[in-house]
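Asks: Kindly produce the complete structure, drawing on both the sequences and the hints.
So the protein lines, in turn, are chains A and B.
For the first sequence, this note's numbering gives the first residue as 1, with consecutive numbering after it.
For the second sequence, this note's numbering gives the first residue as 1, with consecutive numbering after it.
Among the hints, erroneous ones may be present.
To be verified - Just so you have them, the derived chain A footprint on chain B, three or more residues with Cβ under 8 Å:
id : stretch
1  : 126-136
2  : 254-265
To be verified - Over 10 Å on every C-beta distance to chain B, these chain A residues come out as not near it, computed from the model:
id : residue
3  : ASN22
4  : GLU28
5  : THR42
6  : ILE86
7  : HIS133
8  : GLY153
9  : CYS157
10 : ILE184
11 : ASP190
12 : LYS193
13 : PRO211
None of these hints come from the bench; they were simulated from the model.
All residues carry an ideal CB built from backbone N, CA and C; glycine is no exception.
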Amino acid sequence: MSKDFLLSNKHDDGGWGYTFRNKLSFMEPSSWSLRALSFSGTTISEDTMLYFVNRQNSDGGWGNLTASSSDSMTSRVAWALCAVDIDQNIKNSAIDWLIKNQFPNGTWGWKIESGTGFIEPLTYSLLALNEFHYPIDQQLILRSIISLRCDDGGWNCHTPEMSGIKQQSQDSTNALGIISVLTIEENYKDILKNIVNKYEKKILNKELSTPYSLGLFLWAFTEIDDLIEDITINNTCDLLLSQQQQDGSWGNNIFWTAIDLYAMSLTLRRLLE
Amino acid sequence: MKSRLNYDIIKRLDERAKSIHRVGLNFEEGLEFLLPLINYANIKETTKVAIIYCSDYDSREISQALLRGFELLDLGSEIINRNSILIKPGLVEARDFCDNVTTNPIFLSALIECLKEINSDCNLQVCEGSGHERDTEYLLHKTGIKEVLKNHDLDFIDFNQEDVMKIDYDDSLVFRSLLLPKIWFETEYRISLAKLKTHHRVALSLGMKNLFGCVPGSIYGWPKNYLHWMSTPRSIVDLTTYLKPNLTIIDGIFGVEGNGPLHGLQKDSHVIIMGTNTACVDMAIAQLIGFSPLLIPMFWYALKQKLIKKIELVGDTWIEIESYKAPSNISWLERTYFQSTDIQISTLKKLLDEGNYFWNVYKSLESINQTQ
Numbered sequence: 001m002s003k004d005f006l007l008s009n010k011h012d013d014g015g016w017g018y019t020f021r022n023k024l025s026f027m028e029p030s031s032w033s034l035r036a037l038s039f040s041g042t043t044i045s046e047d048t049m050l051y052f053v054n055r056q057n058s059d060g061g062w063g064n065l066t067a068s069s070s071d072s073m074t075s076r077v078a079w080a081l082c083a084v085d086i087d088q089n090i091k092n093s094a095i096d097w098l099i100k101n102q103f104p105n106g107t108w109g110w111k112i113e114s115g116t117g118f119i120e121p122l123t124y125s126l127l128a129l130n131e132f133h134y135p136i137d138q139q140l141i142l143r144s145i146i147s148l149r150c151d152d153g154g155w156n157c158h159t160p161e162m163s164g165i166k167q168q169s170q171d172s173t174n175a176l177g178i179i180s181v182l183t184i185e186e187n188y189k190d191i192l193k194n195i196v197n198k199y200e201k202k203i204l205n206k207e208l209s210t211p212y213s214l215g216l217f218l219w220a221f222t223e224i225d226d227l228i229e230d231i232t233i234n235n236t237c238d239l240l241l242s243q244q245q246q247d248g249s250w251g252n253n254i255f256w257t258a259i260d261l262y263a264m265s266l267t268l269r270r271l272l273e
Numbered sequence: 001m002k003s004r005l006n007y008d009i010i011k012r013l014d015e016r017a018k019s020i021h022r023v024g025l026n027f028e029e030g031l032e033f034l035l036p037l038i039n040y041a042n043i044k045e046t047t048k049v050a051i052i053y054c055s056d057y058d059s060r061e062i063s064q065a066l067l068r069g070f071e072l073l074d075l076g077s078e079i080i081n082r083n084s085i086l087i088k089p090g091l092v093e094a095r096d097f098c099d100n101v102t103t104n105p106i107f108l109s110a111l112i113e114c115l116k117e118i119n120s121d122c123n124l125q126v127c128e129g130s131g132h133e134r135d136t137e138y139l140l141h142k143t144g145i146k147e148v149l150k151n152h153d154l155d156f157i158d159f160n161q162e163d164v165m166k167i168d169y170d171d172s173l174v175f176r177s178l179l180l181p182k183i184w185f186e187t188e189y190r191i192s193l194a195k196l197k198t199h200h201r202v203a204l205s206l207g208m209k210n211l212f213g214c215v216p217g218s219i220y221g222w223p224k225n226y227l228h229w230m231s232t233p234r235s236i237v238d239l240t241t242y243l244k245p246n247l248t249i250i251d252g253i254f255g256v257e258g259n260g261p262l263h264g265l266q267k268d269s270h271v272i273i274m275g276t277n278t279a280c281v282d283m284a285i286a287q288l289i290g291f292s293p294l295l296i297p298m299f300w301y302a303l304k305q306k307l308i309k310k311i312e313l314v315g316d317t318w319i320e321i322e323s324y325k326a327p328s329n330i331s332w333l334e335r336t337y338f339q340s341t342d343i344q345i346s347t348l349k350k351l352l353d354e355g356n357y358f359w360n361v362y363k364s365l366e367s368i369n370q371t372q
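Replies: Right under this line is the structure:
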């Protein structure tokens, strides 16, 4: 049903918007829809493939909108395209763009002009590079992930400290922080033990209840494997399913539905392995 | 076409120069240019800013205060004739409304009531693009806004996920063009609704700074660091020029002083301030809480872009707001509005001298660029 929801909300250009309100297609929900549909066993149509191919900028990257300059959305597109069979040159030039626009401290920002890296663009860049088995400076990147960590052990969307004041982490970014550590560090247990315990309790107490954050955490939990109880994954699935609407969507929102479909498909795959 | 700073050069500057640029102390014009912020020299046009007493977050009292404000500003016919009205609250983070970081839900509800009372047929929308929270559902729940929308049967429109359109503006300070939510420009009447807060980087987070929430994260990220990188006060003024809210309402019932906007302390000021000129609403508030606009870069740039008019304060002008504590990194700003003109100008000179460090470094890199 979620698949049907996504497919029925595809635009004529082969892409997707964030919500049904959008007439424009954006790279981010389109990338997620591609990845989600692919992982759920749906064949990706040619118009969708062309949507990405035709919008790659000459520098190898993508912006979120057609003809907008390349930015961190490149990582989402590159990561999504790893799930499909597409001209390797397209993927290679995307990876080249990512490498070229990494900041000296190992992070990636939202826009190349902004000069500061954050956990979300870093995580997706890492995922893309990892799928390509691109050799990266793991220690540098791990140090940057840790440097972005708040005192409570998690991550927020900005910085762990602002004007000398310690900041709190956010549910909506903690899952991404976990995924970034899992992607780069084999000995992740010590780094993630506390934050994972925290969210196991939150899931048990039903304190996490929104489609966006639940989807990201289901994804993160499924990737963690040995650090998480099966019951936590089951509980997260249950919470997510309880949020699903009759039309198969979450919140009638294309972006959230794609994330949640991906997370559920990934979980199902792991269960069957 | 205005000439602009070369950002390839700015990227190569040292941290001190970059910081000066971000805070906006590298003002291109000289000290004399800024004196109208203190004496209104050569500024002929006037704009009204209404100040209304409101003791607490009581829905009825807020509604009455708002209606009185609309009357003082002669807004009745403005609002009544509109087919569509947009309210842009400030929801930067998913915080409990008691923290006073985000728009108070009771205030928002009261405003919606007022607008419906004046114009029951209009298409009313509540829109915002949170700078720090991508989980919209969580944001609306935590801030208490979800209940308000449900009670009024209104949907929330997330600017961060909306269709955008390119707006070009040759005469801007930093952005030749911006991708901004189409719905803003398709709506007839736009209200910027913000809390009265101090700000560690730009001194004040009021009507102009609230417009950061109109910049979609889908294009500019979470946080919208790009706007700070390009120079926060310049970005603020550019956005004000691009977006031109029809009405700015500032909730100062409980303001935030000290290390605002996220970590300040509640300051009970019991006022609502509103006006049709966003920059002047902000400037009036700066004066009322004791911060000299002469010493705040976003007003320099507002003056440069001809946004500043003579302020005519109307309404409960008897109110004396206790001076606000400034953020600890700019604590010298406290009570500067009450200092003599000479002292204010002397402080201004020091600020502009700091800005000169930027120009020295920038120009030397620029000339190296040109000779290569």
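Asks: Just pull the numbers of the violated hints for me, sorted ascending.
Replies: 3, 4, 9 and 13
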